[in-house]
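2 protein chains.
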Amino acid sequence: MLSAVIAADGRLVSRDYSVTPAASGPDAVVAALIQSSRSTLDAAGVTAGELRAIGIGAAGLVNDTLGLVHTSPNLPGWRDYPLKQAVESALGKPVFLINDAHAAAVGELHFGAGKGCRHFVYVTVSTGIGGGLVLNGRIYEGCGGLAGELGHMVIDDQGPMCKCGNRGCWEMLASGKALAVEARRLIQEGEPTSILHYAVDAESVDARAVEQAAAAGDALALSLISRAAYYLGVGLGNIINVFNPERIVIGGGLSNIGDRLLLPAYAEAGRRAFKQPFDTVKFARAALGRDSGVIGAAVFAHQKTEQINNNGQVK
Amino acid sequence: MLSAVIAADGRLVSRDYSVTPAASGPDAVVAALIQSSRSTLDAAGVTAGELRAIGIGAAGLVNDTLGLVHTSPNLPGWRDYPLKQAVESALGKPVFLINDAHAAAVGELHFGAGKGCRHFVYVTVSTGIGGGLVLNGRIYEGCGGLAGELGHMVIDDQGPMCKCGNRGCWEMLASGKALAVEARRLIQEGEPTSILHYAVDAESVDARAVEQAAAAGDALALSLISRAAYYLGVGLGNIINVFNPERIVIGGGLSNIGDRLLLPAYAEAGRRAFKQPFDTVKFARAALGRDSGVIGAAVFAHQKTEQINNNGQVK
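Those sequence lines, one after another, are chains A and B. With this note's numbering as the guide, the letters of the first sequence map in order to residues 1 to 315. With this note's numbering as the guide, the letters of the second sequence map in order to residues 1 to 315.
Accuracy of the hints is not assured; some may be wrong.
For chains that are exact copies, the list does not tell them apart, and a pair is met inside one copy or across any two.
Simulated pairs of lysine-lysine, BS3-like, Cα-Cα distance not exceeding 30 angstroms [to be verified]:
1. Lys304 / Lys93
2. Lys115 / Lys304
3. Lys115 / Lys282
4. Lys275 / Lys115
5. Lys93 / Lys163
6. Lys282 / Lys93
Derived from the structure by calculation, the hints contain no laboratory data.
With the hints as extra help, turn the sequences into a complete structure.
Structural data, given as structure tokens:
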């Protein structure tokens, strides 16, 4: 987990990286989160009392109104966990919950590659695929904070099963996980490749190993990246047809492969989407890297606090 | 084409149905549209001068800011046609253009099945599939008025070619057109069925013939409707995961098949979408029938006029 103290101008004053004890269950994770928050507060020389608000970006289905994390792909055993209340009672400040990809989109909107945009879709391509919809200048959350699950948009109805229960989800075909699974399958089938030079063994081949082998010219690795790019492009085409966005901002670890992955993906999107919205959309790489989420969660908490204060004054 | 005079309370004062001379090109269509407008004005006993504004809902890619119909699936030869200007100069009143499915969504929002909703997705399932996104209580148009092309969201990346240039589009699998194409294919392959009793010949089998045969218990027709329902459900699942809407409003001719099509589609969406947003979404049938588009186009034109007037006062 990453905790940070953020100034009003978006400047990151201090940060703390800590291990998330996911396997130990919610209480242990919350204890670690409080500990990490105190560390970054200490580093910044601020007390919790001096904070305006606390924003938490969490992977998975998160509902700020109810203060719950419904489920989280990386936090086994979490089900409708009252994270908001748990952290509020420990730190004594209002806490606001936001999906991590939404948080990253808000960060990019205010201080990154989405600055000045009224309509952009943020796509994070890493182990899975997450999304954040910035529509009319604001993060769009749907009726329960759960909008933007772009990684679970089906692009091949008979495709591979996803652990969400669906099949053929975008993230099962175009993410780092998809790349690794397909690489392992082909290696097991005996395809000649140098990918194994970049991993301990066949079982531990990950997207990074494929990327390194591709950079060294390995044919299988290159074809695997082409395949991921194709599927990435199919989903981007859907986003263009559904949202007619000004911009699509792409972040996440897998996007660091860069042009080798992204250019053919944009080309596939161009073959798929209507000409007019494709001609006007711009593709941009996320600008804030790993900090987009903490910065966005802070902006989100700040805005929610303002809203509450304004409503209080009006009434 | 359907022209109507709409009162401020959404009441339809008069309507005129006329044939659209699509094959004769844009000028003939505009002439017919002016003629039809004059007929409905006469029937209502109003002059064009007494109108507040004119809204036109048109199928296809429509940009109100530019005043253009980029392309329209049912209007061959239309390319970036300046429809706004053409009708304004003929009728002497401000004209506003909106995609027909967006117009229907606006109609349902104000006077139909979307009343009182902040977040709903309108899906029209007829020959093709169109969509209208009502987000935060307003139609969402994207940066160029082209958002909501849900029928051209890919749900099977290797699926059938669509005339939009894409393949595996939702409307190639779940629309009336898809139903008819698949029926004709199976009949040609010699599948036993009574569908032909409801059509002149195999070539003219349409969704209506399949629907009638299904109502009479024909096994092939029933399986064709199950297939369309399955694909309809896949797309609805995507909509739930991407938008987390309060409601999905379904209109269009094919939806008149009713429960036989819709209930299995909703069930498939439930197998596909995340549990939380599926549990909170409500499915509703469109309430305004064929009038949703004209009513919505009128509301849209009214709102645009108000916006322009308000901006005028503020400045």
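A quick look at each hint next to the structure:
no.: 1; hint: Lys304 / Lys93; in the structure: within (13 angstroms within a copy, 43 angstroms between copies)
no.: 2; hint: Lys115 / Lys304; in the structure: both (20 angstroms within a copy, 27 angstroms between copies)
no.: 3; hint: Lys115 / Lys282; in the structure: within (13 angstroms within a copy, 35 angstroms between copies)
no.: 4; hint: Lys275 / Lys115; in the structure: within (25 angstroms within a copy, 34 angstroms between copies)
no.: 5; hint: Lys93 / Lys163; in the structure: neither (35 angstroms within a copy, 56 angstroms between copies)
no.: 6; hint: Lys282 / Lys93; in the structure: neither (39 angstroms within a copy, 36 angstroms between copies)
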